[in-house]
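Protein chains: 6
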Amino acid sequence: MRIKIINPNTNEQMTRTIDAAAKQYRRQDTQITTVSLNSGPPVIDSSYDEALAAAGILQEVKVGLHEKFDGFIIACFSDPALQASKEISTAPVVGIGEASMLLACTIAYKFAIISMPKSAVSSMRALVASYGLESRCASVRMIDLSVGKLETELPKIKRLFLCEGREAIAEGAETILLGCAGLSGLDKEFEKELRIPVIDGVVAAVKLLESLHDYGINTSKILTYRTPQRF
Amino acid sequence: MRIKIINPNTNEQMTRTIDAAAKQYRRQDTQITTVSLNSGPPVIDSSYDEALAAAGILQEVKVGLHEKFDGFIIACFSDPALQASKEISTAPVVGIGEASMLLACTIAYKFAIISMPKSAVSSMRALVASYGLESRCASVRMIDLSVGKLETELPKIKRLFLCEGREAIAEGAETILLGCAGLSGLDKEFEKELRIPVIDGVVAAVKLLESLHDYGINTSKILTYRTPQRF
Amino acid sequence: MRIKIINPNTNEQMTRTIDAAAKQYRRQDTQITTVSLNSGPPVIDSSYDEALAAAGILQEVKVGLHEKFDGFIIACFSDPALQASKEISTAPVVGIGEASMLLACTIAYKFAIISMPKSAVSSMRALVASYGLESRCASVRMIDLSVGKLETELPKIKRLFLCEGREAIAEGAETILLGCAGLSGLDKEFEKELRIPVIDGVVAAVKLLESLHDYGINTSKILTYRTPQRF
Amino acid sequence: MRIKIINPNTNEQMTRTIDAAAKQYRRQDTQITTVSLNSGPPVIDSSYDEALAAAGILQEVKVGLHEKFDGFIIACFSDPALQASKEISTAPVVGIGEASMLLACTIAYKFAIISMPKSAVSSMRALVASYGLESRCASVRMIDLSVGKLETELPKIKRLFLCEGREAIAEGAETILLGCAGLSGLDKEFEKELRIPVIDGVVAAVKLLESLHDYGINTSKILTYRTPQRF
Amino acid sequence: MRIKIINPNTNEQMTRTIDAAAKQYRRQDTQITTVSLNSGPPVIDSSYDEALAAAGILQEVKVGLHEKFDGFIIACFSDPALQASKEISTAPVVGIGEASMLLACTIAYKFAIISMPKSAVSSMRALVASYGLESRCASVRMIDLSVGKLETELPKIKRLFLCEGREAIAEGAETILLGCAGLSGLDKEFEKELRIPVIDGVVAAVKLLESLHDYGINTSKILTYRTPQRF
Amino acid sequence: MRIKIINPNTNEQMTRTIDAAAKQYRRQDTQITTVSLNSGPPVIDSSYDEALAAAGILQEVKVGLHEKFDGFIIACFSDPALQASKEISTAPVVGIGEASMLLACTIAYKFAIISMPKSAVSSMRALVASYGLESRCASVRMIDLSVGKLETELPKIKRLFLCEGREAIAEGAETILLGCAGLSGLDKEFEKELRIPVIDGVVAAVKLLESLHDYGINTSKILTYRTPQRF
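Protein chains in written order, with the numbering used here: chain A, 1 to 231; chain B, 1 to 231; chain C, 1 to 231; chain D, 1 to 231; chain E, 1 to 231; chain F, 1 to 231.
To be clear, the hints were calculated from the coordinates, so they are not data collected in a lab.
Remember, it's a predicted structure, so these values are computed and weren't measured experimentally.
Do not rely on the hints blindly, as some may be mistaken.
It does not matter which identical chain is used: a pair holds within one copy or between any two.
What the hints assert, rightly or not - Within a straight-line C-alpha distance of at most 27 Å, the following computed DSS-like cross-link-like pairs (lysine-lysine) qualify:
| hint | residue 1 | residue 2 |
| --- | --- | --- |
| 1 | Lys158 | Lys221 |
| 2 | Lys149 | Lys68 |
| 3 | Lys118 | Lys192 |
| 4 | Lys192 | Lys68 |
| 5 | Lys221 | Lys149 |
| 6 | Lys118 | Lys62 |
| 7 | Lys158 | Lys62 |
Use the sequences and the hints to build the structure in full.
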């Protein structure tokens with residue numbers, strides 16, 4: 001199958017990071033194409049950034065439908081424009097937030113999310129709640145730095161992540177989700193330190209799309225994700 | 001005080017409807033300016049429409065801040081781009097969805113929302129849940145027509161609204177919220193028929209902004225609505 | 001409009017405090033009359049005190065209806081006899097607990113309540129839950145002193161309030177509610193120290209009643225607040 | 001043990017009904033004394049009636065403490081003044097609402113409450129929620145007649161009760177609670193018709209008080225039910 | 001009445017402990033018979049142990065029905081095979097987990113459970129949730145030792161229990177439940193130290209069975225506990 | 001990878017049905033082995049049947065670990081002994097109930113479960129709740145026939161299934177889950193009739209196990225699924 005991954009910002013390095021993570025765990029017959037937005041926020045740090053990215057994400061979905069992709073991934077943990085993408089797409093669309101939470105539920109009773117920056121904590125909890133998974137979430141913990149700092153302050157962010165990870169385990173977390181696409185590829189490194197499974201949502205999303213494709217099931221168009229009349 | 005109301009679509013007739021409702025109940029020293037988006041969806045029927053409207057809404061807030069407005073209203077019941085607007089605005093921002101639900105809680109134990117089209121039902125319930133008000137909501141009922149039909153099929157929509165209103169009352173609703181800005185101004189007409197209070201979110205939002213202004217309190221910028229670094 | 005504020009105890013100094021707070025933020029055409037109970041508890045420290053105050057509160061509402069007031073405020077954060085008052089009143093009745101929580105939701109995602117004494121913590125949480133607002137409440141924190149100590153130990157209580165306020169912020173609170181009518185008037189002083197909005201429920205209640213009056217909507221009498229046959 | 005049952009209204013016939021039900025299922029060494037209020041509402045139909053009854057209930061508890069009763073029952077399904085009574089009493093106090101719900105949970109996964117009048121439906125649901133038992137409650141159904149009609153329209157009320165009972169079973173109820181003390185004594189008659197267990201809260205409360213007495217445990221005074229300083 | 005208590009493991013000392021606690025608080029006309037399983041786990045430390053014990057528990061219920069017992073108690077706080085037992089039994093069956101939680105609700109607003117080992121914490125919270133009592137539970141705290149250590153390390157376990165009990169009180173607990181049948185009989189000793197009521201589920205279950213017996217009500221067989229066709 | 005599917009009853013025809021469904025959608029490099037229990041209930045109709053099957057399921061997991069399987073599926077929608085299996089297994093274990101619910105969440109906002117017999121409705125709802133997915137479940141609907149009737153009354157059961165499916169859609173279901181392993185293989189047939197996606201949990205479980213295997217993540221052993229000391 002052919003999967004298009006949409007990195008909903010203009011950060012090319014992050015796009016490469018995401019692409020590498022997806023390709024590492026894809027099945028042999030899965031093709032991955034990862035794109036950045038042509039214009040939009042450099043990183044997603046706020047609801048404002050999400051709102052600005054929305055039109056660009058949807059544009060990439062539309063283009064991708066013409067290019068006959070078999071599935072789409074929105075590669076930002078807050079799952080921006082996910083519902084709108086599911087509405088307009090005739091192929092399955094998965095967000096890395098939803099994918100990592102759902103997959104986590106098969107291997108742990110409680111997961112934790114470690115994300116950034118701190119101001120996103122309410123949105124993150126609201127996301128978990130909107131998926132109905134509050135009782136499966138032991139902890140939402142934030143690193144209070146802009147996602148943009150991933151390029152320049154990675155060692156510090158890794159250290160803070162492990163710190164928050166240990167706190168999350170003390171709060172009952174049994175698996176940790178990388179709460180930001182920019183952290184993609186660090187799962188196994190963190191897993192070695194924290195000694196519990198760490199899940200990269202990009203990988204989770206690839207695996208879920210492959211599952212849907214194998215099974216031949218697609219987004220239900222009967223109600224919530226009904227195709228808009230105009231688009 | 002000076003309030004800017006943003007109708008998040010390009011429909012001028014709806015803008016006039018909203019403006020009239022707001023002006024009918026404003027205090028004498030309140031000035032109302034209602035605008036449509038320059039570009040965007042003709043009406044908001046889906047998450048896709050909401051996503052497309054987001055950038056335009058935020059642009060209107062930014063322009064309005066330069067114009068020194070004292071408060072903003074986003075005049076679509078699904079409160080699109082509300083969190084992002086609260087992030088970037090130095091003046092209070094209120095959505096007509098949140099305003100009508102909060103005001104309803106002072107006069108009734110349970111409210112009902114009657115909105116359109118049917119495919120928005122999950123989003124509407126998710127909105128209520130995100131505000132924490134599920135236990136105050138007796139019923140979310142939908143008219144399965146595009147919001148665009150308000151211009152051409154108003155009598156039919158009024159009839160369907162009353163029908164759903166009666167069902168909502170049977171389900172325990174004690175007040176009915178007009179679940180679409182396009183229904184603005186019909187509150188008292190429906191109230192007469194249904195014999196319980198009917199709330200127009202546009203009016204509720206004006207009154208809440210006036211209340212915040214009188215009291216001199218503004219959006220808390222400490223966490224969820226922290227001002228983005230870039231905007 | 002003419003608003004009657006009922007301080008549900010016999011403490012005259014608290015009545016003056018409440019009256020002053022209400023008058024500071026009322027609109028010019030709003031008249032405020034604040035009364036104490038003729039008999040009842042000196043302050044409200046327990047459910048027992050609330051139960052004892054109930055008959056007196058309802059008596060003041062009944063008298064106020066004959067005096068043609070346009071709205072009533074019950075000025076105790078635990079909103080004693082609020083439902084009963086809404087049942088018997090033909091004019092809107094607002095409690096300062098409900099008013100401050102609802103207004104808080106327009107300026108913050110999560111509020112905290114700081115109240116007294118400690119034994120009321122379960123009742124306070126139950127109140128929040130009964131309004132459906134658990135997910136909007138970051139923290140309920142208590143000062144373990146009788147409300148009666150407000151007269152003699154105000155400096156200590158202020159110090160404890162700020163202490164609890166800082167803890168509440170650390171727990172995610174974005175606005176603080178004065179959880180006791182006896183704290184009325186201290187909002188701006190605390191706000192200066194805590195640097196997030198602080199809400200006085202007496203003011204919130206006045207503004208909400210003015211909003212309802214302007215809009216011309218009143219308590220729904222169809223179900224929960226149906227007028228009793230005997231009263 | 002010696003149990004004082006407080007019928008929180010002035011209706012002597014209801015007091016006799018309650019007394020008879022309690023005595024039918026008491027243990028041999030349990031003495032039952034059932035009293036009406038000296039003054040107060042003739043029946044409890046509303047929150048207003050509950051508020052008016054509160055002072056009288058507390059007075060009866062205080063008198064009962066002097067009379068050395070070993071336990072108290074508040075015999076109205078809405079459990080008026082129950083928390084206040086637990087605060088001031090040195091002996092256990094049980095409400096017939098809480099007692100019937102808790103006992104029901106041992107014999108059924110889901111219970112239903114059938115009460116009266118209809119306007120109390122929100123209060124009744126709020127009561128269930130305040131006890132944390134929403135997920136155990138299949139249905140709250142109301143007969144829309146004043147409790148006062150029990151004397152004059154009993155056959156009609158019985159017919160309506162069975163009607164609602166059958167609806168409740170269709171909604172998943174596995175046991176039915178008599179949602180009004182005035183229905184005391186009809187449990188076995190209804191049980192024969194509905195063919196599922198029917199619980200009389202008066203009996204449930206007697207059995208729970210006997211259980212607490214045998215076990216020698218009493219209300220926890222550490223927080224919620226702390227003894228008030230003044231009473 | 002004749003009660004059969006099933007200790008769902010093969011530990012004879014625990015059976016004697018349970019038997020003693022039950023007999024200490026039984027009514028004079030209640031006969032208690034306590035049995036261990038013939039084969040099964042030595043103690044219940046995990047879901048695996050619970051699963052292994054299930055068939056043996058059901059066998060003891062079946063034998064007990066032939067022996068004409070009037071009620072059954074499953075004496076393990078996690079209430080293993082409780083629903084299955086209620087399905088097959090014609091007499092009431094009560095688990096010590098459910099019994100202690102329900103009885104606790106009459107004397108405290110919030111209870112805490114102190115159990116063992118730590119890995120059972122999610123199961124314990126899930127049990128509380130399945131009974132609908134999350135909002136009544138202040139805290140679930142675990143001692144991280146196998147239940148099997150009760151024989152050899154009792155002094156240490158007592159010390160840890162009191163430690164966790166004090167933490168639970170700080171978290172708002174008003175009564176403490178002995179979260180393991182092996183702790184039976186220590187209620188009053190812990191109560192003296194912690195100065196709040198401590199509940200032994202074995203006693204609670206005996207008292208609830210006696211209550212059901214006196215009242216003549218039995219498990220509802222209409223839905224959840226319908227008798228299986230084959231057994 | 002090599003997957004062992006455990007049909008937790010002794011019904012060979014159901015085992016063949018399950019095996020066929022799993023093999024239809026497995027990847028080429030996945031080997032499926034499906035087994036029945038040697039002894040146990042003929043079908044799972046009740047909690048009693050589940051309890052009886054538990055030991056046999058765990059025995060099959062243990063044997064499978066010696067046979068070096070890479071993953072296990074418990075093929076009964078009520079996920080019997082799932083937690084215990086996760087505790088003892090060093091390879092991932094997935095239940096068809098959890099698998100179908102989690103996969104459903106990627107393609108629909110709300111799913112419905114159609115299962116049998118009617119008495120299992122509370123257990124089924126409790127299962128959904130224990131996974132935290134109540135808000136994603138539009139409806140749990142039951143066919144009131146023993147699972148054993150699948151062999152002899154399949155046409156009737158199919159007709160009833162479609163009937164319930166249409167009701168579920170009216171209640172907001174966007175995808176239907178086959179709530180019984182005995183219905184395996186009927187997904188596409190029902191999908192054609194109902195015109196919304198229908199999910200077979202056996203297939204969902206296979207795809208999730210393959211996903212976990214590809215990604216190289218396994219059950220977290222830190223807390224809930226800690227390996228028992230004895231087994």
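Checked hints:
1. Lys158 / Lys221: This pair counts as between: shortest inter-copy Cα distance 24 Å, intra-copy 41 Å.
2. Lys149 / Lys68: Answer is neither; intra-copy 35 Å and inter-copy 33 Å both fail.
3. Lys118 / Lys192: This pair counts as both: shortest intra-copy Cα distance 25 Å, inter-copy 23 Å.
4. Lys192 / Lys68: between (39 Å within a copy, 24 Å between copies)
5. Lys221 / Lys149: between (39 Å within a copy, 22 Å between copies)
6. Lys118 / Lys62: between (33 Å within a copy, 24 Å between copies)
7. Lys158 / Lys62: Result: close neither inside a copy nor across copies, 36 Å intra and 36 Å inter.
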